[in-house]
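Keeping the supplied structure of chain A fixed, place chain B upon it in accordance with the hints.
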Amino acid sequence: MNALSAPAAPPRQRDGLRHRPRLAVDAVVVAGVLAVVAVGLSTDRFVTVANAKAIITSASLVGIAALGLTLIMIGGSAVSLAISQSVAAIGMIFLSAQSLGLIPALVIAVVVGALITGLQGAVVGYAAANPVVLTIAASFAIAGLATGISGGVSVAPSGLGYDHLNATPGGVALSVYVLLVLALSLEWVLRRTAFGRSLYMVGENRVAARAAGMPVGRTTTVAWLAAGALFAVTAVFTAAFNTSANVNLGGTLTFDAIAAVLAGGTPISGGRGSALRTLAGALLVSAVSDILLLRGYSTGVQVMVKGLIVLAVVVLVHLRTRESHA
Amino acid sequence: MQQRLTSSSPRTSEPLVRVDGLAKSYGSTRAVRAASFSIAAGEIHALCGHNGAGKSTVVKMLSGQETPDEGAIHLGGEALDLRTRQVAQRHGVALVDQELSVVPSLTVAENLVLGDGRTPWVNRRASPRSRALLDSVGLEHVGLDQPLGSLGIGERQLIEVARALGQDARLVILDEPTATLSDVESEYVYASVRKVAAAGCAVLFVSHRLGEVLTLCDRVTVMRDGQVVATSTSGELTIDSLIEQMLGEAPHHPQKVTAAEVDRDVVLSVEGLTVPGRVQDFALSLQAGRVYAVAGQLGSGASDVLRAIAGLVPEATASVTVDGARVAVGRPIAAVRAGIAFVSNDRKSEGLFLDKPVSWNLLATRLPDVTRLGVVSRRRWTARLSALVELCGLDRGRVGQSVGALSGGNQQKVFVGRCLGRDDVRVLLLDEPTRGVDVGGRAAIHTLLRDAAGAGLAVLFSSTELEELLDLADVVVTMHKGVVVQRHEGEPASAVLLREMTHGAGDSAAHGAVVAAGGDR
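Here the protein sequences come in this chain order: A and B. All the letters of the first sequence, read from the start, carry residue numbers 26 to 351 under the working numbering. All the letters of the second sequence, read from the start, carry residue numbers 877 to 1397 under the working numbering.
It should be emphasised that the hints constitute simulated quantities derived from the structure, not laboratory data. Even glycine gets a Cβ: it sits at the ideal position worked out from N, Cα and C. Everything hinted at is true.
Calculated Cβ distances over 10 Å to all of chain B for the following chain A residues:
| # | residue |
| --- | --- |
| 1 | Ala63 |
| 2 | Phe165 |
| 3 | Gly169 |
| 4 | Ser179 |
| 5 | Thr193 |
| 6 | Leu207 |
| 7 | Thr324 |
The following label-pair restraints were derived from C-beta to C-beta distances:
| # | chain 1 | residue 1 | chain 2 | residue 2 | range |
| --- | --- | --- | --- | --- | --- |
| 8 | A | Val157 | B | Gly1028 | 30 to 36 Å |
| 9 | B | Asp945 | A | Tyr322 | 48 to 54 Å |
| 10 | A | Thr172 | B | Ala1210 | 40 to 46 Å |
| 11 | B | Gly1153 | A | Val54 | 51 to 57 Å |
| 12 | A | Val206 | B | Asp1299 | 35 to 41 Å |
| 13 | A | Ala192 | B | Asp1299 | 49 to 55 Å |
| 14 | B | Gly1316 | A | Ala49 | 35 to 41 Å |
| 15 | B | Val1142 | A | Val206 | 52 to 58 Å |
| 16 | A | Tyr151 | B | Glu1063 | 43 to 49 Å |
| 17 | B | Gly1206 | A | Ala192 | 50 to 56 Å |
| 18 | A | Tyr151 | B | Gly1332 | 31 to 37 Å |
So that you can see chain A by itself, here it is in the shape it has in the complex:
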């Protein structure tokens, strides 16, 4: 009868349902970031150009390796625990190859880096090896080989070309520019290419991808190859900065990179995540460490807080995923 009382158009169902519960979790994230900013602002010498540079520079080395690890995690192969050892070995190779010139040394470092990690990826991708076990084994193998060949001493650079990597164009370390360019390109690759989409799907459900005839082994191997190349980029910058390299060059990089990826909210179970999130995670971890350092806390506290950040983000990501599936 009355046109006005006609039933409303069917509601755009679920959209409201799916987004509302996330708000609570999002609020926690925003509050957390604001808290970090507030503590930062109230910390002496935090808001200085020099300090900002220090934060992004320290984020850049971990960040580049973390980008590589992001690929591995999205592809559903959990983690590589051989990052530190790969970086140390590549750093040594890079400095020894300086006599060939900077560019050939870079090419050698990236290619060898990609191969070392890509080989592990092939075993994970084609033979379905457990990545955790495999990379623990690889970490010992790489460290052993590096120690054996170098005789356990530090490798000194055989040329001076490496020093170009320590350049600071515009007053900011070269590695920062490299990190930004790599993060943006990787984000594009993940979002816009067939490889990126396959990687997300292989990572979410490997069995389904295999049954659908998707190239599971190839996708996994390519992801690890690219990750190895990114580890190598971190390695050359780290070696150039230290002007020498030994088997301990990688330090705690493995776990720092894992922390950065997890702090960015990429779940370890695969199928989700992004390069930009990892970039944010690396910056967050770096900023918090910096605040603690400026406030005079000991290394022990810094490490502990890093762990707490990772834990908090992992819990938040879990809650958010669960709510959106409810």
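Chain B in isolation, oriented as in the chain A frame:
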């Protein structure tokens, strides 16, 4: 005592379970509005409905997984506030879920007491009580200390039924307990459900299998669009009248295209397919444009035949050719490249990417078609997607939603749709294509498959359901215990099919084909 209360007198003064005006909304979607019905002690009460009718939501509210917005649930005259599944369980509501919730790495005995709030720890010892529970669902041959992982999917479902039976419940809810079971296994479930009812429990039986609803249940409540349409005693109903209540329209039987021509091209030819311990020497050739079925109960090898052709059974040996070219067996990627697309019966773990949007799932296997030099072309992506969405009859507005948020029927459409509209696919294999799919979705999928055959594909599916076999297949091959029993063209009698599926060739010497197949070994 209630012991003697039988299903013949469901209407007593106060029903054991009374559901009054239940309502539940999700955001602005009213999933259930004013649902009321009652179940007497000793009654088996069916809840039926088209997909999205609100059955699942009602079940969730009764079992404490969702809190109703309005309305009340009375159990034994007492209004209950069921906030969690544990609370519901303590009040005597037991649920056998649609999805399996058993733990493969634990033993059968451990799974039987899993989640039972009354025992603080899991008793590893086999108790006589657990033994009796197993026997009551027809699992006499299963040992209590056997790991659950060694059982088939049907047996696991029976374990779950046994677990619910063991909880001394007053209301037992079975949410599609037989969806994944063969007819023989279903009989065990029916028998145990009857026992539970005879012991004085109220049983709520949610099912898509209308035949079993009518034979098993005392009364049937039908829901449509979140509302209860009618509650009738099952004697007043027929399958057709039930479907009419569910759909609000008279059922139509899909037009079966009789594929009479016999001299068409053979697309897929399979010879000597053997899977150790499961399939013996299976052979079949498929012609383009026809729909073939392998009919067999769980464990007959029907499903193994399909999986082996799809390359998912590494230990299988066979000679498989597609359009005359040999295909290596045991590698799914080789099968896919040869033009064999496979739709698994387990779309959650072996099919879809539940977390990803519908669009990604539909295009997952044709990324090369929608990319240029490895980069996704928006134009091709959208064009391909809208063609597929149209083909599968999906809601255009939902392509961005994750597949996990869709109903079972729509998920299956996405899964089947992923294999359609591709020039490189020559053969479509479907293992139980309508498992866990409602009546409407089933008809839609059958139409999709007929159209696919019409477009020149060879379609081969496995099924345990007579209705599906008769509706859909041009050729039915029955299997029993790993060997082919008989090949039927045209319209076989359902009684013949059922006998062959459940008893094989029997002692009859007339089935020469089987004797020959058996003699080859």
